[in-house]
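Given the coordinates of chain D, work out where chain P with the ligands should sit on it, guided by the hints.
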Amino acid sequence: MERIAYSELRSTPQLWGLLVLLGAFIGAAGAAVLYIEHYGHIVTGMNNQVVWGIPHVFAIFLIVAASGALNVSSIGSVFGKQAYKPTARLSGLLAMALLMGGLVVLVLDLGRPDRLIISMTTYNFKSIFAWNMLLYTGFLAIVAAYLYAQMARGVPSFALKSVGLGAFLWRLALTTGTGSIFGWLVARPGYDAAIMAPMFIAMSFSFGLAMFMLVMIGTCTMTRRVYSVELRTRQARLLGLFVAVVLFFAGIQHLSNLYVAEHAAYERFILLEGGIYTALFWGGQVFLGGLVPLALLFHPKLDRKKSLVIIAALLVLFGGLVQLYIILIGGQVFPMEIFPGYAASSSFYDGTIASYRPTILEFMLGFGGIAVTLAITTLGMKFLRILPVNLSDANVDPSGLE
Amino acid sequence: MSQRKQDMEKGAEINRRGFLARAAAATLTLAPGVTLSLYGSEASAQVTSANRWGLLIDVNKCRSDCNSCVSACSAENGWKDTGNPETDPQWIRKVDLKDLATGREVSLPVMCQHCETPPCVDVCPTGASFKRADGIVLVDKHICIGCRYCMMACPYKARSFVHEEVPEEDKNVNAPRGKGTVESCTLCVHRVDRGDMPACAIACGETGNGAILFGDLMDPDSEISIQLATYQSSALRDDLRLNPGVRYQNI
Ligand code: SF4
Ligand code: SF4
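In order, the protein sequences belong to chains D and P.
The first sequence lines up with residues 6 to 407 when you count with my numbering.
The second sequence lines up with residues 7 to 257 when you count with my numbering.
The following block holds chain D by itself, in its conformation from the complex (with noise of 0.2 Å):
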């Protein structure tokens, strides 16, 4: 195999177009913050009862998937796979994109986004959610630091390793705190389950991937490099895999819910009578977002195919959103058991299935967090030495690929 060489990406009219448009939406985002700012949360679908909504939807979809992307990286050092080096230092922008990506959109939802020094500076260490905030920087620091070190020169292998292992375990940690900020709602009956933790992390795999798929695909083309068809074909195929564990433990999650008394109800809900939450579940978890990625990623032509991948991971991105999506909304709409044995109503919607419609204003927010890290990811490409000049067959040592 040669060295791989790497190179920024040459300014062409594509490059600055898909800047331009990613630049409008987050400029429709920063416009859609300043609007509910100063009205109110009352102009978003978020209510008292649906406490959290589309940003945070997408925030934790960020999040989860920013673990997810690292693990190219990991599989290149920390596993010794050689083929999965050259996409290391992609993985690791794209990693800390998301993640940022995430943050800004959580941050921004807040209600006093104004005071987010305070956040920062009065800390509640009981917190899961501080805890997590830490998780954030310190995940950032560290893959700064070992992006840092595969591009300069003469870093020792023991010390790019160790960086990379370190890297690593951090994100396991990450997603783990993550899936805990459920893991504290006891009182829900859709959060408590402990199969969360396992699953948020088969999530990050999968989302991460897709996303890094989708990102390595759509920038070659732009910028006419190569991206080994055989490179491709294999992580699309680990792509596959790694829906199907995630389908595996939403079944898991599901059937041992059903066995839970208390649960029994919030599953009926979910998977016969919740209208347009047991449509999403059906229809968009397991249907699109599952069983037809699975059939196109283990198609026999995939490697002739580029579409059929690049619909799998979008269909992929689909099924993850409306998978948080009925975790986070579905969780919050179904009432929570206050007084058991006991038909309940009132003014504030005990008893009764409460109601969000999500306005565009949510929807503008969250796809700017995509945006965020779409921008951020192509001027780190733009401005260093993230993605190899030629990733061909030949260039792609087929032993690292078993």
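Worth flagging that the hints you see were computed from the coordinates, not collected in a lab.
In this text, all values refer to a predicted model and were calculated from it rather than measured experimentally.
We treat Cβ as the ideally placed atom computed from N, Cα and C, and that holds for glycine.
Keep in mind that the hints are not guaranteed to be accurate.
As the list claims (entries may be wrong) - Quick list of in silico lysine-lysine cross-link-like pairs, DSSO-like style, CA-CA up to 30 Å:
no., chain 1, residue 1, chain 2, residue 2
1, D, K306, D, K86
2, D, K131, P, K137
3, P, K86, P, K104
4, D, K131, P, K147
5, P, K137, P, K86
6, P, K185, P, K147
7, P, K137, P, K185
8, D, K131, P, K185
9, P, K86, P, K177
Unchecked claim - Computed footprint of chain D on chain P, listed as stretches where at least three residues anywhere in the stretch have a Cβ under 8 Å from a Cβ of chain D:
no., stretch
10, 86-93
11, 146-160
12, 235-248
For chain P with the ligands alone, kept in the frame of chain D given last:
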């Protein structure tokens, strides 16, 4: 006036007087020289773990068609029904219950239960949610960043997010409120600190129902402690072991 109603009014009156006397006594013993009138200011308020304020709600005495506690809280603390039930704050609400097995119907008020181990405080990233030494759970409106994690964590849906600008005329010195922050029942901390009872307990007494008994759970001689020691009562979501300061009888 029915005999029952008279009895209840008397009960409420005794309860109120007894409490005031004890509050005064507590001031004297805890801090000689500190008078009741100084009680209101945060700095001089004798907030110690020698007290734990709580409510005991007798569901049998609460009437489904009565909303006095809710109106009194709203007037006292300045939160309002603006016709948007999904987003309007509700520090206290009346819940109607129907026993699924027997069909028995009851009605009761639910507010912040002032948990001894409050989940809202545990999860709050900034420490804006806090519990005073005397057991009252509050939100510091100057530190709250409006993340709403506490609302996700509260098992009783006791908290509200301020979705809109608070109109100038609704601004209230008793309870500072602000758009973009979270709020909930303060147990009328401003009244308690000056030795008074929460607005809901007084209003309920005035209707003659007398379903809400306020008092000090740490004082074995208080009416609330005696009632709790004598009669069966329960906490909502007892299984979560949060040991709330608000208890219910006859659910
Ligand atoms: S009832 Fe809810 S808001 Fe009140 S202390 Fe308990 S958890 Fe906190
Ligand atoms: S909304 Fe305010 S009080 Fe509630 S957890 Fe967040 S910062 Fe704390």
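Right, here's what the structure says about each hint:
1. K306(D) <-> K86(D): holds, 25 Å
2. K131(D) <-> K137(P): holds, 14 Å
3. K86(P) <-> K104(P): holds, 28 Å
4. K131(D) <-> K147(P): With Cα atoms ~20 Å apart, K131(D) and K147(P) stay inside 30 Å; holds.
5. K137(P) <-> K86(P): Distance of about 25 Å is within 30 Å: holds.
6. K185(P) <-> K147(P): Holds, at about 10 Å.
7. K137(P) <-> K185(P): holds, 22 Å
8. K131(D) <-> K185(P): holds, 26 Å
9. K86(P) <-> K177(P): holds, 11 Å
10. 86-93: holds (count 4)
11. 146-160: Answer holds; 11 residues pass the 8 Å Cβ test.
12. 235-248: As far as the stretch 235-248 of chain P goes, the hint holds, because 3 residues have Cβ atoms under 8 Å from chain D.
Consistency with the previously given hints is maintained throughout, with no hint failing.
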